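A.B. asks: Here is how the chains run, residue by residue.
There are 2 protein chains.
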Amino acid sequence: MTDTTTLPESQDGIHDEEDRLLPRYVREVLDAVEGGQIDKARELVEPLHPADVADLIELAPEDDRPDLITALGGEVDADVYAEMNEHVRELVIEEMDPAIAASLTADMETDDAVAMLEDLEEEDQQAILEEMEPDDRVAVEEALAYPEETAGRIMQRELIAVPEHWNVGKVIDYMRSDQELADDFWEVFVVGPQHHPVGTTKLSTLLRTKRDVPIRDIMQEEQTLIPVEMDQEEVALRFQKYGLISAAVIDPSGRLVGMITVDDIVHIIEEEASEDALLLSGAGDGDINEPVREAYRDRVRWLIANLGTALLATFVIAQFESTIARLAILAALMPIVAALGGNAGTQALAVTVRAIATNQLTGSNRARAIRRELKVAILNGVTVAVILGIGVAIFLDPIIGAVIAAAILFNIVVAGLAGVLVPITLERFGADPAVASSVFVTTVTDTMGFLAFLGLASAVLL
Amino acid sequence: MTDTTTLPESQDGIHDEEDRLLPRYVREVLDAVEGGQIDKARELVEPLHPADVADLIELAPEDDRPDLITALGGEVDADVYAEMNEHVRELVIEEMDPAIAASLTADMETDDAVAMLEDLEEEDQQAILEEMEPDDRVAVEEALAYPEETAGRIMQRELIAVPEHWNVGKVIDYMRSDQELADDFWEVFVVGPQHHPVGTTKLSTLLRTKRDVPIRDIMQEEQTLIPVEMDQEEVALRFQKYGLISAAVIDPSGRLVGMITVDDIVHIIEEEASEDALLLSGAGDGDINEPVREAYRDRVRWLIANLGTALLATFVIAQFESTIARLAILAALMPIVAALGGNAGTQALAVTVRAIATNQLTGSNRARAIRRELKVAILNGVTVAVILGIGVAIFLDPIIGAVIAAAILFNIVVAGLAGVLVPITLERFGADPAVASSVFVTTVTDTMGFLAFLGLASAVLL
Numbered sequence: 001m002t003d004t005t006t007l008p009e010s011q012d013g014i015h016d017e018e019d020r021l022l023p024r025y026v027r028e029v030l031d032a033v034e035g036g037q038i039d040k041a042r043e044l045v046e047p048l049h050p051a052d053v054a055d056l057i058e059l060a061p062e063d064d065r066p067d068l069i070t071a072l073g074g075e076v077d078a079d080v081y082a083e084m085n086e087h088v089r090e091l092v093i094e095e096m097d098p099a100i101a102a103s104l105t106a107d108m109e110t111d112d113a114v115a116m117l118e119d120l121e122e123e124d125q126q127a128i129l130e131e132m133e134p135d136d137r138v139a140v141e142e143a144l145a146y147p148e149e150t151a152g153r154i155m156q157r158e159l160i161a162v163p164e165h166w167n168v169g170k171v172i173d174y175m176r177s178d179q180e181l182a183d184d185f186w187e188v189f190v191v192g193p194q195h196h197p198v199g200t201t202k203l204s205t206l207l208r209t210k211r212d213v214p215i216r217d218i219m220q221e222e223q224t225l226i227p228v229e230m231d232q233e234e235v236a237l238r239f240q241k242y243g244l245i246s247a248a249v250i251d252p253s254g255r256l257v258g259m260i261t262v263d264d265i266v267h268i269i270e271e272e273a274s275e276d277a278l279l280l281s282g283a284g285d286g287d288i289n290e291p292v293r294e295a296y297r298d299r300v301r302w303l304i305a306n307l308g309t310a311l312l313a314t315f316v317i318a319q320f321e322s323t324i325a326r327l328a329i330l331a332a333l334m335p336i337v338a339a340l341g342g343n344a345g346t347q348a349l350a351v352t353v354r355a356i357a358t359n360q361l362t363g364s365n366r367a368r369a370i371r372r373e374l375k376v377a378i379l380n381g382v383t384v385a386v387i388l389g390i391g392v393a394i395f396l397d398p399i400i401g402a403v404i405a406a407a408i409l410f411n412i413v414v415a416g417l418a419g420v421l422v423p424i425t426l427e428r429f430g431a432d433p434a435v436a437s438s439v440f441v442t443t444v445t446d447t448m449g450f451l452a453f454l455g456l457a458s459a460v461l462l
Numbered sequence: 001m002t003d004t005t006t007l008p009e010s011q012d013g014i015h016d017e018e019d020r021l022l023p024r025y026v027r028e029v030l031d032a033v034e035g036g037q038i039d040k041a042r043e044l045v046e047p048l049h050p051a052d053v054a055d056l057i058e059l060a061p062e063d064d065r066p067d068l069i070t071a072l073g074g075e076v077d078a079d080v081y082a083e084m085n086e087h088v089r090e091l092v093i094e095e096m097d098p099a100i101a102a103s104l105t106a107d108m109e110t111d112d113a114v115a116m117l118e119d120l121e122e123e124d125q126q127a128i129l130e131e132m133e134p135d136d137r138v139a140v141e142e143a144l145a146y147p148e149e150t151a152g153r154i155m156q157r158e159l160i161a162v163p164e165h166w167n168v169g170k171v172i173d174y175m176r177s178d179q180e181l182a183d184d185f186w187e188v189f190v191v192g193p194q195h196h197p198v199g200t201t202k203l204s205t206l207l208r209t210k211r212d213v214p215i216r217d218i219m220q221e222e223q224t225l226i227p228v229e230m231d232q233e234e235v236a237l238r239f240q241k242y243g244l245i246s247a248a249v250i251d252p253s254g255r256l257v258g259m260i261t262v263d264d265i266v267h268i269i270e271e272e273a274s275e276d277a278l279l280l281s282g283a284g285d286g287d288i289n290e291p292v293r294e295a296y297r298d299r300v301r302w303l304i305a306n307l308g309t310a311l312l313a314t315f316v317i318a319q320f321e322s323t324i325a326r327l328a329i330l331a332a333l334m335p336i337v338a339a340l341g342g343n344a345g346t347q348a349l350a351v352t353v354r355a356i357a358t359n360q361l362t363g364s365n366r367a368r369a370i371r372r373e374l375k376v377a378i379l380n381g382v383t384v385a386v387i388l389g390i391g392v393a394i395f396l397d398p399i400i401g402a403v404i405a406a407a408i409l410f411n412i413v414v415a416g417l418a419g420v421l422v423p424i425t426l427e428r429f430g431a432d433p434a435v436a437s438s439v440f441v442t443t444v445t446d447t448m449g450f451l452a453f454l455g456l457a458s459a460v461l462l
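From first to last, the protein sequence lines are chains X and Z. Letter by letter, the first sequence follows residues 1 to 462 of the working numbering. Letter by letter, the second sequence follows residues 1 to 462 of the working numbering.
Read the hints as simulated data drawn from the structure, not as lab findings. One should not assume that every hint holds.
Cβ-Cβ distance ranges computed for the label pairs, FRET-style [stated by the list, open to error]:
1. 135(X) / 221(Z): 30 to 36 Å
2. 169(X) / 61(Z): 52 to 58 Å
3. 96(Z) / 402(X): 47 to 53 Å
Simulated crosslink set (SDA-like; lysine to any residue; CA at most 20 Å straight-line) [what the hints assert, rightly or not]:
4. 210(X) / 174(X)
5. 375(X) / 386(X)
6. 170(X) / 198(X)
7. 210(Z) / 172(X)
8. 375(Z) / 285(X)
9. 210(X) / 162(X)
10. 210(Z) / 163(Z)
11. 375(X) / 285(Z)
12. 210(X) / 207(Z)
13. 210(X) / 210(Z)
14. 210(X) / 177(Z)
15. 170(X) / 211(X)
16. 210(Z) / 208(X)
17. 375(Z) / 293(X)
18. 170(Z) / 169(X)
19. 170(X) / 176(Z)
20. 210(Z) / 178(X)
21. 170(X) / 207(Z)
22. 40(X) / 74(X)
23. 210(X) / 183(Z)
24. 170(X) / 211(Z)
25. 210(Z) / 175(X)
26. 170(Z) / 172(X)
27. 210(X) / 173(Z)
28. 375(Z) / 410(Z)
29. 210(Z) / 166(Z)
On a predicted model such as this, the values are computed, not experimentally measured, just so you know. Note that the Cβ used here is the ideal one computed from N, Cα and C, for glycine as well.
Next comes chain X alone, as it looks inside the complex:
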């Protein structure tokens, strides 16, 4: 059922040029299902890759999904569920007979089965686990015993481990003999007597070596081992840094317990980088398939926090009520100082958060990064202050021009420093630098901006 051959122009009538399913095609399938033309629906879906079937289900309106899945029958197999968006999958699985859900997991690798079960309600999870084959169940329960988002959750137990005294021929014969083995492995792990990894051999090396050579002679002794409790974000950074395709996972006693492959990591890298963009904007999980009530809960929390910090700015402005009453044009100008400070702060913040997340900013270059942001802030501040100051001086009043120029220069420099210092400080105290930074930074730039502008104006103009 997997036909992903891509014509140069992707003119297959199913995908657009970016591999997205054409709305016309999705409509056609849904219409066939609604009209009871089950055979036509299956025929339309038959050429799709599992990832595309998963997309199709995600793109269907929530109410149409049960009928669609029923109509497609065997086309919606374990691979499809493994590829499905977690929010959509959760909705679908919760509606499903636990015995059917359990039979799906039988065709999955451990990591996919765990991903399918881990977000379900305790009760639904238990019902499915009870229907599973004892072997699979033990593997999944062991994985679920590791904390969420750790290597133990994303590893698969299916791997090839051979003792170091074997030769290449014996390794190849062993691989040929076990037809149960998955095809998706890229290296063979060599283990010592306690099942401790002692080396690794790429399949390409194995293929190019004569049968009588001991595996010990061609294995690479240096390998990157992943502790089973390691956070998935760190696992992803390690794969990225060392260009890994797969890696062995070890338990605290050093025994080989699983393998992580790069195709699982690719999703994590994308998620973690997206997460920073979403956290910086306070959008929580930020998936368009997330139920409305969850999106509301995530976002409103942040808006209420922002309400609190906005009140601080209000308090600052209120101190200058009499100044504003006498010179109301100040009220029209003051948002400029706050908006540009906020923007400059967010720029510095985004750069710093990404540098921390990608391990580019460490104790070795911290002072340099701060000096760098200060330089950029001074250049930005002077440029904006000159443009705005001259504009206001010409069209309004020279003294107000001077006041707003000074205030905005001050605020942009404060913003740059806050943008780099806040995430660095949060990180040093073990907090996620993305999650709370932008509240701090915009609070600083709003209050400092209003204070500088209205304070200076009061002193100079009245």
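Use these hints to put chain Z onto chain X, whose structure you have.
C.D. replies: Below, chain Z without anything else, positioned relative to chain X:
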């Protein structure tokens, strides 16, 4: 020289628990170089992986880098340059004798050589190309002829292609005979008479098949082909969607011209997702290694654009000068309406931009995504309006409380709609939804927020 064995606790005296080089270790190497203890410096660096040597050079202050590289000599090889941050590499290569730079490229795969040369000044690039071996030069020049950020730039030409009439034994013998071959390949491409790809075989399948089986019988005919002009972001999405490890690249006539492997894609996925976070905040390229003048140029442009849009808000407020003169407390409250609208808009924006970037939002679910944001916005708006309205009514004035509640509800709904509609519209017109969205959205929320609040206040209170 690659020893990346990781002790469970990473207690190697070089790395911290997140694989970053310890500041103490970096200092030790730099001190050794400065003190002329070249042997000590080399000894310290010898156990490092090339990716760590690259990190070391990035973490060293700019002025110390030439001495460090000279001292380390052969430890800084082609692999190190391939791993280095592009801004740092550019600075280093520009200072280097073109003949030395050319000799580095001889040990690189095409894609790494291209990455090293593509960002250099035309003149520096030419100088190095002239010193290169004719074969390598042709390959790099051909790659450079493709547009930036396309498959042609990131593919490597080194791959294994075999005719379909060969059997497994012959393929294996061929691979054994060519010792020049790189080890980093995971599948063998099968080609027809015109060098058109007709199938592919994973190394794991090859290893597990008997020698006399024709490759035609075990090859997978369905494969994902990458057109050579495809944008790297789309290539990355395709790898992600179909879980690819490597893929064949074809020219417009369908001939196999190269191969892309997932380890190169991993960097692109990270970059593209980071890029959205940085573009949304207007931080341009946003790399902490980017020279100050480039960071200034990228960011100030955005601040000046923001200055223009902030003036629009100023213009709106100025229309209500007499209202504010009579009731200056309005000036203290109005930033709340703008700030929360801006925040709600940014939330919707971040979610929508990521959904578009990951191909989750298409013509099939566009209307649904808009309805979803509207629902979340109404829930958020009502919650914030009730809290703020009651607070202002109690501590200040009931009528002002009602006015600000109505204004903020209106503005949060406008913000939600703007946050989803602006990127969708930009995308439909072929623009990058991340790059200009936040200017539009905050302009809308600022002006609408001030207009609603001050307009209502003028009508009700005066």
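A.B. asks: All the hints need checking, so say for each whether the structure fits it.
C.D. replies: How the hints compare with the structure:
1. 135(X) / 221(Z): 30 to 36 Å: 34 Å, holds
2. 169(X) / 61(Z): 52 to 58 Å: With Cβ atoms ~54 Å apart, the hint holds.
3. 96(Z) / 402(X): 47 to 53 Å: Distance hint for residue 96(Z), residue 402(X) holds at roughly 49 Å.
4. 210(X) / 174(X): Holds, at roughly 16 Å.
5. 375(X) / 386(X): 17 Å, holds
6. 170(X) / 198(X): 18 Å, holds
7. 210(Z) / 172(X): Distance of about 10 Å is within 20 Å: holds.
8. 375(Z) / 285(X): Since the Cα atoms of residue 375(Z) and residue 285(X) sit roughly 17 Å apart, the hinted pair holds (cutoff 20 Å).
9. 210(X) / 162(X): Holds, at roughly 17 Å.
10. 210(Z) / 163(Z): The given pair, whose Cα atoms are some 18 Å apart, holds under the 20 Å limit.
11. 375(X) / 285(Z): 17 Å, holds
12. 210(X) / 207(Z): 12 Å, holds
13. 210(X) / 210(Z): Holds, at about 15 Å.
14. 210(X) / 177(Z): 11 Å, holds
15. 170(X) / 211(X): OK: residue 170(X) and residue 211(X) at ~8 Å, within 20 Å.
16. 210(Z) / 208(X): Distance of about 15 Å is within 20 Å: holds.
17. 375(Z) / 293(X): Holds: residue 375(Z) and residue 293(X) sit about 9 Å apart, inside 20 Å.
18. 170(Z) / 169(X): Given that 20 Å is the threshold and the Cα spacing comes to 17 Å, the pair holds.
19. 170(X) / 176(Z): Cα-Cα ~18 Å, so holds.
20. 210(Z) / 178(X): The given pair, whose Cα atoms are some 14 Å apart, holds under the 20 Å limit.
21. 170(X) / 207(Z): With a Cα-Cα distance of about 12 Å, the restraint between residue 170(X) and residue 207(Z) holds, given a limit of 20 Å.
22. 40(X) / 74(X): 14 Å, holds
23. 210(X) / 183(Z): 16 Å, holds
24. 170(X) / 211(Z): 15 Å, holds
25. 210(Z) / 175(X): Holds: residue 210(Z) and residue 175(X) sit about 12 Å apart, inside 20 Å.
26. 170(Z) / 172(X): 17 Å, holds
27. 210(X) / 173(Z): 10 Å, holds
28. 375(Z) / 410(Z): Answer holds: residue 375(Z) to residue 410(Z) is near 13 Å, not above 20 Å.
29. 210(Z) / 166(Z): 13 Å, holds
Figure legend: structure checked against the earlier numbered hints; every hint is met.
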